[in-house]
Amino acid sequence: MRPVFRFAPSPNGYLHLGHALSALLNAAAARAAGGRLLLRIEDIDTSRCRPAFEAAILEDLAWLGLAWEEPVRRQSAHFDDYRAALGRLEAMGLAYPAVESRGEIRSFVAAREADGTAWPRDPDGVPLYPGAGACVDANEGARRMAVGAPYVIRLDMRAALERVGRPLDWPEEGQGRVAADPAAWGDVVLARKDIPTSYHLSVVVDDALQGVTHVVRGQDLYAATAVHRLLQELLGIPVPSYRHHRLVLDDAGRKLSKSTGAVSLRALRQRGATPADIRRMVGLA
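Letter by letter, the sequence shown follows residues 1 to 285 of our numbering.
These are computed hints drawn from the structure, not numbers from a lab. Treat each hint with caution, since some may be false.
Unchecked claim - Listed next, with one range per pair, are the computed distances between beta-carbon atoms:
(1) Arg271 / Arg2: 35 to 41 angstroms
(2) Arg31 / Ala91: 40 to 46 angstroms
(3) His78 / Ala179: 27 to 33 angstroms
(4) Arg2 / Asp220: 27 to 33 angstroms
(5) Glu162 / Asp250: 39 to 45 angstroms
(6) Ala33 / Glu90: 35 to 41 angstroms
Even for Gly, the Cβ is constructed at its ideal location relative to N, Cα and C.
Model the full structure from these sequences, guided by the hints.
Have a look at this one:
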């Protein structure tokens, strides 16, 4: 079986140098392994993703000289796949609704920290969800859901780990087997009222359905692989090999991001940059 790689950007802005590095590394790895390169458009956030950004992604990648297999998988066209996976987790008793807003959770955690409690945080530095009923009691939660208030579906992390019943790990290129610590993320969000999935759920479902054998992505997703490994185990789906590559940083040492106004490939091209220039900028020969 030929190895399968994928590049999976979100069309919520223009690609920047960090995306270019990931796309180029995936293409090079697929070429070296005699494998296939897929392009996946991760557009589950229908409120932020735009067709114009998707068109720009295709244009930028073609300009870089990349080619991929058709058809392109667009997540927004496959919500039923994610609903099915979510339904399996719910049937196992591993998912539950939570109505607390982000503001209510922040306020709850801030109050505890003001009292001297060292509140646990996930690997990204976000305070862990305090648990059902901590911020909003069960009666208020039921009332909110009855009147159509927003809610999310969360993974019951403790129950999920008990169901698996053994330590998990994943294969990381250059590191061998890496121990996974899903508990560090707490009860992660699996879906929302208006979107039947989350990044964590959709990425493992997509990789399995597309037969992805090698995941090459940024170091910023290294720790999140623990959650993906748990979901793979619960859903009984294959585990790809992982490679988390270095990030492209700005002058302040921060990873490039659309939200912080990283210069786009589109803008660099308009300023006269060539694909060879882009390769040099991201540190590739």
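Results for each hint:
1. Arg271 / Arg2: 35 to 41 angstroms: For Arg2 against Arg271, whose Cβ atoms are near 38 angstroms apart, the range 35 to 41 angstroms holds.
2. Arg31 / Ala91: 40 to 46 angstroms: holds (42 angstroms)
3. His78 / Ala179: 27 to 33 angstroms: For His78 and Ala179 the Cβ distance comes to about 32 angstroms; the hint holds.
4. Arg2 / Asp220: 27 to 33 angstroms: holds (28 angstroms)
5. Glu162 / Asp250: 39 to 45 angstroms: holds (42 angstroms)
6. Ala33 / Glu90: 35 to 41 angstroms: Since Ala33 and Glu90 have Cβ atoms about 37 angstroms apart, the given range 35 to 41 angstroms holds.
No hint from the list above goes unmet by this structure.
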